[in-house]
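*Asks:* Order-wise, the sequence lines are chains A and P.
Using the numbering used here, the first residue of the first sequence is number 1, and each one after it goes up by one.
Using the numbering used here, the first residue of the second sequence is number 60, and each one after it goes up by one.
Once the Cα atoms are required to be at most 30 Å apart in a straight line, the calculated DSS-like pairs of lysine-lysine come out as:
1) A:K35 <-> P:K94
2) P:K108 <-> A:K24
3) A:K35 <-> P:K308
4) P:K836 <-> A:K37
5) A:K24 <-> P:K109
6) P:K295 <-> A:K35
7) P:K565 <-> P:K672
8) P:K769 <-> P:K492
9) P:K75 <-> A:K35
10) P:K109 <-> A:K3
11) P:K295 <-> A:K6
12) P:K94 <-> P:K192
13) P:K761 <-> P:K778
14) A:K35 <-> P:K836
15) P:K769 <-> P:K807
Treat the hints as calculated values from the structure; they're not laboratory data.
So you can see what is in the structure, the chains are spelled out below.
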Amino acid sequence: MAKCEKCTFFFPIPEEDMDFEPDKGDCVRQQEDTKGKFWLSRPVFRSTEACEHLSVQTS
Amino acid sequence: MPTVATPSTERTARLKNRCRFKHVAGGEYVHAGVKAGVERARLITESHKKNIGNPNCIIRARGLANILDNITIHIQDDELIVGANTEHPDYFPMYPELSYFATVDMVESHYCDHQEEMREISEYWRPYTIQTKAEKYFTPEELGIMYSATIVQPPMFVTAFSSIVPTYEAVLEDGLIKRIEDVEQKIADANASLRESPWNAQDKLGLLDKIDQWEAMVIAMKAVVGWAQRHARLAKIMAENFLADPKRKEELLEISDICRNVPAYPARGLKDAMQSKWFTYLLCHSVERYSSGYGQKEDKMLWPYYKKSVLDQTDQVMTYADAVELFECERLKVSEHGSTKGRQLREFFAGSNDLFILTLGGTNADGTDGSNECTNAILEAAANIVTTEPSIGFRWNENGNVETKKKVFECIKKGFGFPSIKNDEMNTQQLVKYFNVPLDVARDWALVLCMSPGITGRRGTQKTRSEGGSDVYPAKVMEIALTNGFDEFFSNVQLGPETGDGANFKSFDEVWNAVKAQIRSAIELSLRSKDVGRIMELTHLCCPFISAIDDGCVEKGMDANALAEVANPWHNIIGGSVVVIDSMTAIKKLVFEDKKYTMAELMDALRNNWEGKEEMRLDFWNAPKFGNDDPYADELATKYYDLIADEWKRNTTYSGTYPLPLAQSVAGYIVNGPKTAATANGRHAGEALDDGGSSPYMGCDKNGPTAVLKSVSKIDASKHKGVLLNQRLSTVLMNSDAGFDLWHAYMKTWHSLGIDHVQFNVISQEDMKAAQIEPEKYTDTLVRIAGYSAKFIDLARYSQDTIIARTEQDMAG
Chain A
1 MAKCEKCTFF
11 FPIPEEDMDF
21 EPDKGDCVRQ
31 QEDTKGKFWL
41 SRPVFRSTEA
51 CEHLSVQTS
Chain P
60 MPTVATPSTE
70 RTARLKNRCR
80 FKHVAGGEYV
90 HAGVKAGVER
100 ARLITESHKK
110 NIGNPNCIIR
120 ARGLANILDN
130 ITIHIQDDEL
140 IVGANTEHPD
150 YFPMYPELSY
160 FATVDMVESH
170 YCDHQEEMRE
180 ISEYWRPYTI
190 QTKAEKYFTP
200 EELGIMYSAT
210 IVQPPMFVTA
220 FSSIVPTYEA
230 VLEDGLIKRI
240 EDVEQKIADA
250 NASLRESPWN
260 AQDKLGLLDK
270 IDQWEAMVIA
280 MKAVVGWAQR
290 HARLAKIMAE
300 NFLADPKRKE
310 ELLEISDICR
320 NVPAYPARGL
330 KDAMQSKWFT
340 YLLCHSVERY
350 SSGYGQKEDK
360 MLWPYYKKSV
370 LDQTDQVMTY
380 ADAVELFECE
390 RLKVSEHGST
400 KGRQLREFFA
410 GSNDLFILTL
420 GGTNADGTDG
430 SNECTNAILE
440 AAANIVTTEP
450 SIGFRWNENG
460 NVETKKKVFE
470 CIKKGFGFPS
480 IKNDEMNTQQ
490 LVKYFNVPLD
500 VARDWALVLC
510 MSPGITGRRG
520 TQKTRSEGGS
530 DVYPAKVMEI
540 ALTNGFDEFF
550 SNVQLGPETG
560 DGANFKSFDE
570 VWNAVKAQIR
580 SAIELSLRSK
590 DVGRIMELTH
600 LCCPFISAID
610 DGCVEKGMDA
620 NALAEVANPW
630 HNIIGGSVVV
640 IDSMTAIKKL
650 VFEDKKYTMA
660 ELMDALRNNW
670 EGKEEMRLDF
680 WNAPKFGNDD
690 PYADELATKY
700 YDLIADEWKR
710 NTTYSGTYPL
720 PLAQSVAGYI
730 VNGPKTAATA
740 NGRHAGEALD
750 DGGSSPYMGC
760 DKNGPTAVLK
770 SVSKIDASKH
780 KGVLLNQRLS
790 TVLMNSDAGF
800 DLWHAYMKTW
810 HSLGIDHVQF
820 NVISQEDMKA
830 AQIEPEKYTD
840 TLVRIAGYSA
850 KFIDLARYSQ
860 DTIIARTEQD
870 MAG
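Construct the entire structure; sequences and hints are all you get.
*Replies:* And the structure:
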């Protein structure tokens with residue numbers, strides 16, 4: 001199974017932040033509905049199994 | 060003509076157009092898509108399971124930290140103020156640790172998409188809820204009375220409904236990093252003190268609990284800083300990865316910078332202050348626990364930052380127009396904020412989301428005029444954007460400037476129903492006299508909820524509804540006073556002491572004494588439930604973040620629920636006071652003075668809803684009525700309001716003093732009408748009660764607005780936390796060239812008569828009837844219910860008709 005670390009929506013947490021943990025990152029996704037666009041962020045780890053929104057980094 | 064919103068910028072027009080409103084009608088959320096979020100409930104449960112065995116304050120702090128570290132956060136397009144209480148902008152959170160009933164009510168509704176998981180969570184929490192912990196101190200009969208919502212509001216430990224005034228200033232002025240350092244120093248000092256020689260248990264053992272409380276505060280504050288940093292990262296990631304518009308990218312980078320700075324550090328200017336205030340609001344009102352309200356003296360709190368940004372232009376520089384836009388954004392943010400209430404409370408706030416009321420005007424701590432340019436910007440934003448929420452309370456001081464009063468008038472003239480007006484001098488003096496608040500502190504008061512003043516600032520503010528709040532329902536109380544304490548009409552339950560059948564009463568004193576005995580019983584049950592709830596809160600529902608931002612709690616190492624540094628007990632008497640007064644007046648005159656009818660005949664008529672007794676009903680309907688400057692009715696009114704004040708005064712609550720009553724109604728006058736049998740004022744069973752705390756019964760005030768004011772002025776309002784007066788004013792006059800002058804003269808009369816409160820509806824009969832036929836044309840037409848405003852088209856027909864039935868007063872008359 002693919003892991004979150006491969007996803008373009010995975011953004012590592014800076015070491016100086018309060019919620020920093022090794023390999024922890026923000027999973028940020030854009031959503032849109034009839035009321036408009038919004039962006040969601042939830043914590044994941046590099047080793048977390050990727051969800052159906054996985055977007056694999058090409059570089 | 061329909062009310063038309065005029066947002067000041069294209070952004071706020073877009074935000075208004077797509078606003079995810081969360082208001083309810085008929086107990087249901089109006090907008091499709093509103094759902095119960097599960098993440099908060101899931102995360103606090105997960106943490107609770109891991110932390111059982113720790114001190115309760117530590118369990119609560121880790122629960123909060125688990126929520127803030129892991130809940131999905133979001134930022135919407137165009138937003139300038141960010142942050143929410145749930146994982147999705149359409150959702151509201153759930154609080155399984157508070158009330159089992161309230162949780163199950165929501166879990167079993169169509170708002171919950173995760174029913175299986177939430178059933179498991181609510182069952183897990185059942186033994187730990189404050190509901191379960193408190194219920195054992197009441198008999199099944201007492202619980203039955205309270206849960207029937209007939210003579211008293213169900214207790215806080217089952218409704219989960221609370222209220223708070225957060226100590227915003229401590230966050231804005233200090234920032235949390237400094238407060239973390241201060242608290243860590245206290246822990247270090249306490250640990251050193253424990254090791255001092257010689258050992259003295261009497262002095263030292265109390266430090267153990269304080270150390271736990273301080274450690275919980277540190278955990279909570281660090282989690283909050285981390286949560287703000289998550290927002291900072293999200294805004295930056297959006298700017299750098301998702302958006303092309305350079306202007307929005309720049310805004311998001313600024314939002315990121317703001318969330319890095321606050322609430323961790325002191326606010327630098329108005330943008331920081333608004334964001335820091337919003338984060339603090341979310342945490343205190345809907346993340347750490349649920350509490351209603353929007354209690355703040357906003358113009359005073361924001362003035363230093365407004366001055367820096369707008370007037371001095373030294374930090375986060377902006378124009379007056381920019382500030383107005385920011386306040387419009389705030390109003391829309393509040394409109395989108397989802398609150399979680401059980402069905403009884405959703406019905407009680409018909410047309411509303413929650414009771415969001417901010418306070419403006421009055422005086423500064425030194426007695427100078429408290430209205431400033433920031434006050435005007437907040438009022439202008441309200442006039443532009445046209446949202447029901449947050450409502451505004453304006454402290455009317457004789458020395459307040461006329462420019463601001465004109466802006467207050469502009470909002471009222473447009474029919475918003477707010478600002479509601481409170482007598483500034485009277486309410487300031489009451490805080491000094493009854494609650495021993497120093498004058499300079501008292502002068503910074505704000506409304507805790509609809510119309511109950513409490514102090515603001517860095518310490519000692521109200522933290523829970525077990526301090527002030529909860530309701531007694533007087534019309535039902537009078538009904539059972541005539542039926543031996545038994546509810547024959549609605550619940551078939553013995554609700555109060557056996558005070559005899561009204562048919563056998565031989566004197567008016569017997570009627571009066573039965574009502575007094577029933578009121579006493581209801582008050583005592585309600586107060587006991589509040590104080591038992593308070594003990595459950597401070598034992599099982601510690602609030603480490605709320606405590607961490609109160610200087611008193613930090614100083615003393617105490618939980619905010621436990622520390623009653625400034626007592627502020629008050630208790631609502633909801634919808635029906637004037638029905639009681641008019642009924643007693645009619646009984647006194649027609650039965651015991653004129654002897655036209657006997658009590659037996661009256662009880663027969665009431666039990667049969669006046670059926671076949673229309674002539675008799677009209678006699679009772681046409682008896683003297685409160686609100687007409689009629690000494691006969693007003694004398695009894697004065698006696699009634701004194702009675703309720705005296706009855707509350709007999710009691711002492713957790714915070715060590717007696718509560719003041721607060722006569723008002725919210726939509727209780729609508730909801731409780733169908734539970735109340737026919738009454739001796741000529742009202743049929745099921746019809747609405749009186750809409751306020753001293754508003755004349757619908758259609759019964761026939762002698763003009765000054766007569767209403769004179770009747771109300773006979774109540775000794777100084778004995779009450781508030782006495783709500785609803786008035787409906789002529790749209791023609793309010794919109795005429797002389798409108799402000801006429802209204803200003805009316806307000807001067809109101810003030811000179813020493814009346815506590817007034818709020819207005821300014822909407823024509825024609826517009827309300829047209830809105831009933833073509834609601835799509837009246838989407839921004841607001842009306843005042845009582846204590847809050849609602850969109851007219853969102854009200855049920857029954858509720859709309861109660862507004863239409865209110866007497867329209869002609870101020871020139």
